[in-house]
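Trainee: This is what each chain is made of:
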Amino acid sequence: MSRAISAKSLSFQLISFCLALSLAFPLWSQPAANVYAIKGAKVYTLAGPAIENGTVVLRDGKIAAVGANIAVPEDAQVIDAAGLEVYPGMFDPITQIGLNEVGAVSATVDTRELGAFNPELVASTAVNPATAHIPVTRASGITEVLAVPGIGGFDSEGGGVITGQASAFNLAGWTMDEMQIKRSVAMVVNWPSIQARSFDFSTFSFKEKPYTEAKKEYDKSVNELSDWLERARHYAQAKEKGSPDLFVRDLKLEALVPVVEGKLPVLVVADDARDIRNAVDFCTKQNLKMILGSGAESWKVKDLLKEKKIPVILGPTERLPEREDAPYDKPMTQPAELNAAGVPFAFSSFGTSFSRRLPQYAGTAVGYGLPHDEALKAVMLNAAQILGLADQVGTLEPGKLANIIVTTGDPLEIQTQVRYLFIKGQLTSTDNRHRDLYEEYRKRPVPPR
Amino acid sequence: MKRALLLATVAFAALAPFSVCAQDSNTQKDNAILIKNATILTITHGNIEHGSILIRDGKIAAVGTDLKVPDGATVIDANGQYVMPGIIDCHSHIAIDGGVNEGSVSVSSMANIADVLDPEDMSIYDDLAGGVTAANILHGSANAIGGQTVVIKLRWGKPASQLPFEGALPGIKFALGENPKRSNFSPPPGVEPRYPATRLGVEETIREALIEARQYKKEWDDYNQKKAAGNQNLIPPRRDEKLEPLVEVLEGKRYVHSHCYRADEILMLIRVANEFGFKIRTFQHVLEGYKIADEIAASGAGGSTFSDWWGYKMEAYDAIPYNAALMTDRGVIVSINSDDAEEARHLNQEAAKSMKYGGLSANDALKLVTLNPAIQLGIDNRVGSIDVGKDADLAIFNHDPLSVYAVVQKTLIDGRVYFDRQRDIDARPALEKEKQDLLAKEKKAAEEKKAEGKTEGKPEKKPVAKKKQPPTSPSNAGNVAGGGL
Chain D
1 MSRAISAKSL SFQLISFCLA LSLAFPLWSQ PAANVYAIKG AKVYTLAGPA
51 IENGTVVLRD GKIAAVGANI AVPEDAQVID AAGLEVYPGM FDPITQIGLN
101 EVGAVSATVD TRELGAFNPE LVASTAVNPA TAHIPVTRAS GITEVLAVPG
151 IGGFDSEGGG VITGQASAFN LAGWTMDEMQ IKRSVAMVVN WPSIQARSFD
201 FSTFSFKEKP YTEAKKEYDK SVNELSDWLE RARHYAQAKE KGSPDLFVRD
251 LKLEALVPVV EGKLPVLVVA DDARDIRNAV DFCTKQNLKM ILGSGAESWK
301 VKDLLKEKKI PVILGPTERL PEREDAPYDK PMTQPAELNA AGVPFAFSSF
351 GTSFSRRLPQ YAGTAVGYGL PHDEALKAVM LNAAQILGLA DQVGTLEPGK
401 LANIIVTTGD PLEIQTQVRY LFIKGQLTST DNRHRDLYEE YRKRPVPPR
Chain S
1 MKRALLLATV AFAALAPFSV CAQDSNTQKD NAILIKNATI LTITHGNIEH
51 GSILIRDGKI AAVGTDLKVP DGATVIDANG QYVMPGIIDC HSHIAIDGGV
101 NEGSVSVSSM ANIADVLDPE DMSIYDDLAG GVTAANILHG SANAIGGQTV
151 VIKLRWGKPA SQLPFEGALP GIKFALGENP KRSNFSPPPG VEPRYPATRL
201 GVEETIREAL IEARQYKKEW DDYNQKKAAG NQNLIPPRRD EKLEPLVEVL
251 EGKRYVHSHC YRADEILMLI RVANEFGFKI RTFQHVLEGY KIADEIAASG
301 AGGSTFSDWW GYKMEAYDAI PYNAALMTDR GVIVSINSDD AEEARHLNQE
351 AAKSMKYGGL SANDALKLVT LNPAIQLGID NRVGSIDVGK DADLAIFNHD
401 PLSVYAVVQK TLIDGRVYFD RQRDIDARPA LEKEKQDLLA KEKKAAEEKK
451 AEGKTEGKPE KKPVAKKKQP PTSPSNAGNV AGGGL
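Chains D and S, in that order, are what the protein sequence lines are. Read in the numbering used here, the first sequence has 400 at position 400, and its numbers run on one by one without any break. Read in the numbering used here, the second sequence has 66 at position 66, and its numbers run on one by one without any break.
Worth flagging that the hints you see were computed from the coordinates, not collected in a lab. The reader is advised that the hints may include incorrect statements.
Calculated pairs, SDA-like style, for lysine to any residue (alpha carbon to alpha carbon, straight line, at most 20 Å) [claimed, not checked]: (1) S:313 <-> D:106; (2) D:207 <-> S:64; (3) S:433 <-> D:323; (4) D:330 <-> S:422; (5) D:330 <-> S:409; (6) D:309 <-> D:337; (7) D:330 <-> S:424; (8) D:330 <-> D:318; (9) S:68 <-> S:39; (10) D:252 <-> D:263; (11) S:443 <-> D:212; (12) D:300 <-> S:65; (13) D:306 <-> D:337; (14) D:300 <-> S:440; (15) D:330 <-> S:425; (16) D:289 <-> D:258; (17) S:218 <-> S:189; (18) S:158 <-> S:58; (19) D:330 <-> S:189; (20) S:253 <-> S:274.
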């Protein structure tokens, strides 16, 4: 299966394009090039106005220079991008990429651990760098993702309360060590919803329980969550004061220490306005740094989110309204509403195989009123800011990781193709399992009748 | 995702678009309507800039650039917006009251979706707002032979009896692979696993049912023959509601829409159909159709697929977004379907992906959600393109519908505006006020009741009122349960 920058997997188009221009690329069995210059494109840095006929210089994995009058270094391999557009790669901030190969086959899924409180688990431990999802996803212009344990998938219900730590990584590399941007980016909390109605997969029907019972279960979960945090505080104190002989290391509490110290944000997944309010209230009282995930009814609590400075990683715009009496287009107009209210947000797929729809989600929101430049930020820059990674990715500025896409046009538009893809400064193949199968079977001879 | 009603008391607020639609039913029906100044995507004869469409009695009466406004006609100025044929969804589970699957038996041909249509399912309105005007409403895929299917028009606000697409041939769902063999579900405790559990068993389940049906048909043919010959003392065969629809399949009077994923199982069903002398009308999902596109084309079956779903189960691991384009290139009539009330809201976008993946032309991409599903459902004489004489089922978009930025402004069925975005937006403040008033009233009533209880100072138990069941959204339940796995 194709890996980053393996010569064999360089796309057919890319090879023919390069040959046509008689570029002296060392395409085969050479060490990866260190310096590139993308020339002649319209460059959207997301750190300022777009640059016509701009040049981007990439050196040693980082962006070295961006501008209209940049000299092309002598040692650079030149990518003639006339007529093309250059953007930062897209960032999908909630996925199960690498943790989930085939959703229905549990042997290939590492997102759901037993037990309700697992703060010590870290996603990057089990991210499979050889997953077919990585090349498929990056072919759509997504260059980095956050892998989030415990949410999404077929049976997201009952997946625990604290499900582990989310990890950010680039979508190219031979090992996780090469790919990783940051191992622990956020602690994931599935906010316990007051669910009176739930779907039971064993009987394929909805089960109802009395509200009082649902509320009781909710209170129990939240109390447990409080207990864990309280114990983590004591643990931190004890550790600080130090009684080494008696001190027993506790992995779960140890993992929660940066959370209670406000150093590691909590990514709280909630949809219902009531759940969001409860979660905000809880995190405020507990002094936690909260990021809201999914947030189907964020629009109802946008003032609260704004006031408390809580950013939102939105679930797909392609969903039905949470309630039947909500306007039919609420999931599509919500991003525009949050933007107008000044609530920072990013789009996410909440998926694995659907990650490549990320630009489509943002484009749909533009159709329903979100300004186009804000939509670009919400798939390229905002996630990095929300997750504290904007010093590394999100804009085309010198010093940042050279995660760059060169497109045939508007990256949010469905028909746009990614012509070149750079991850950590390396020209990376857009070839993938799907294109391979297509090329293989379109060559199948017509069978005899 | 869940959509529960907030309170029983605001239930009717949810039906507001219903009443908004209903009020103009008399003003538009039977009168001429002229849509003018539009970019018309006819599908069959190119695009017409600055064009007009004249609608009379619910049918397209004229299409062109120089149409005059007839006296008394309602004029819709499209202001340069795009008009395309209403989108046809060849695989849907909306508007179904209760479960989508009769999952107790492996042959459930006696179950009929037409008997359980729910005209109040909000998904009808949601999908209408995505430009969908007709949909193939299918039983789920739990069984090798599932239930009977029905084609509907999304006539939001009309009773269930007026949803079915008049004259459309009924269908039946077959299902192959992981769902009927139940690879991905465990039976509930105490329930025995069900035959079949392999693809081999799925084939035999279907073959056995068809043999039964053939025998049953022979009994009736014999009976009818003897009766026609004047034989008086005959006892008719016992009617069998399981086998009757299968006899219709054998006689070509009922379409088979078969859920399938892998190439091997598709070829299996083509062989079985050949053996019994009928044709499969459509292969549904057909995610590996691209591997055997020539065989599918030769069998005369259509392929109705997803745009880019893959990897959610083992049999979807070889799914590719080039499927629609590759099958089209090899001569299969292809449609792109939703299988999901939400996905149906942007089938125009999903069709556009076949241009990116496999290079279909814009017109061929649009065909995937208009003319081609119409052909697959045998209703292309009525819908699927903008041609004189066809039903005025139209979707008006503010941009090219193949753009991600296009938003449906109006949807017409039979020449009547069933969805109007502006009207929907305008109605929202009044609906919100109504809801808030109801909530306030409910709150006040509850407080008064509480105060009453206090003044009476009754510690003893009051008779507990039976808890009102919140109105569930059955079709949503169905979608979760649905064939869409």
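Trainee: Compare the structure with each hint and give your call.
Mentor: Status of each hint after checking the structure:
Proposed proximity of residue 313 of chain S and residue 106 of chain D is supported: the alpha carbons are some 10 Å apart, at most 20 Å. Distance check on the hinted pair: residue 207 of chain D and residue 64 of chain S sit about 55 Å apart at the alpha-carbon level, beyond 20 Å; violated. Between residue 433 of chain S and residue 323 of chain D, the direct Cα distance comes to roughly 17 Å. Compliance with the 20 Å bound is thereby established for this hinted pair. Between residue 330 of chain D and residue 422 of chain S, the direct Cα distance comes to roughly 15 Å. Compliance with the 20 Å bound is thereby established for this hinted pair.
About 16 Å separates the Cα atoms of residue 330 of chain D and residue 409 of chain S, which keeps this hinted pair within 20 Å; it holds. Distance restraint check for residue 309 of chain D and residue 337 of chain D: the Cα-Cα separation of roughly 16 Å lies within the 20 Å cut-off, and the hinted pair is therefore satisfied. Using a Cα cut-off of 20 Å, the hinted pair residue 330 of chain D and residue 424 of chain S holds, with the two alpha carbons roughly 12 Å apart. Pair hint residue 330 of chain D plus residue 318 of chain D holds up; C-alpha atoms about 10 Å apart against a cutoff of 20 Å.
With a CA separation close to 17 Å, the supplied pair residue 68 of chain S and residue 39 of chain S stays within the 20 Å bound. Among the hinted pairs, residue 252 of chain D with residue 263 of chain D is consistent with the structure: their alpha-carbon atoms are about 16 Å apart, no more than 20 Å. The hinted pair formed by residue 443 of chain S and residue 212 of chain D meets the criterion: a straight-line CA distance of about 19 Å does not exceed 20 Å. Taking the CA atoms of residue 300 of chain D and residue 65 of chain S, the gap is near 47 Å; set against the 20 Å cutoff, the hint is violated.
This hinted pair checks out: residue 306 of chain D and residue 337 of chain D have alpha carbons roughly 12 Å apart, not beyond 20 Å. Among the hinted pairs, residue 300 of chain D with residue 440 of chain S is consistent with the structure: their alpha-carbon atoms are about 18 Å apart, no more than 20 Å. Straight-line distance between C-alpha atoms of residue 330 of chain D and residue 425 of chain S comes to about 11 Å, which keeps the hinted pair within the 20 Å bound. With a C-alpha separation of about 11 Å, the suggested pair residue 289 of chain D and residue 258 of chain D falls inside the 20 Å cut-off, and the hint holds.
This hinted pair does not check out: residue 218 of chain S and residue 189 of chain S have alpha carbons roughly 42 Å apart, beyond 20 Å. As the CA atoms of residue 158 of chain S and residue 58 of chain S are separated by approximately 16 Å, the hinted pair is consistent with the 20 Å bound. Restraint check for residue 330 of chain D and residue 189 of chain S: not satisfied, since their Cα atoms lie roughly 40 Å apart, outside the 20 Å limit. This hinted pair checks out: residue 253 of chain S and residue 274 of chain S have alpha carbons roughly 16 Å apart, not beyond 20 Å.
The structure shown violates the earlier hints numbered 2, 12, 17, 19.
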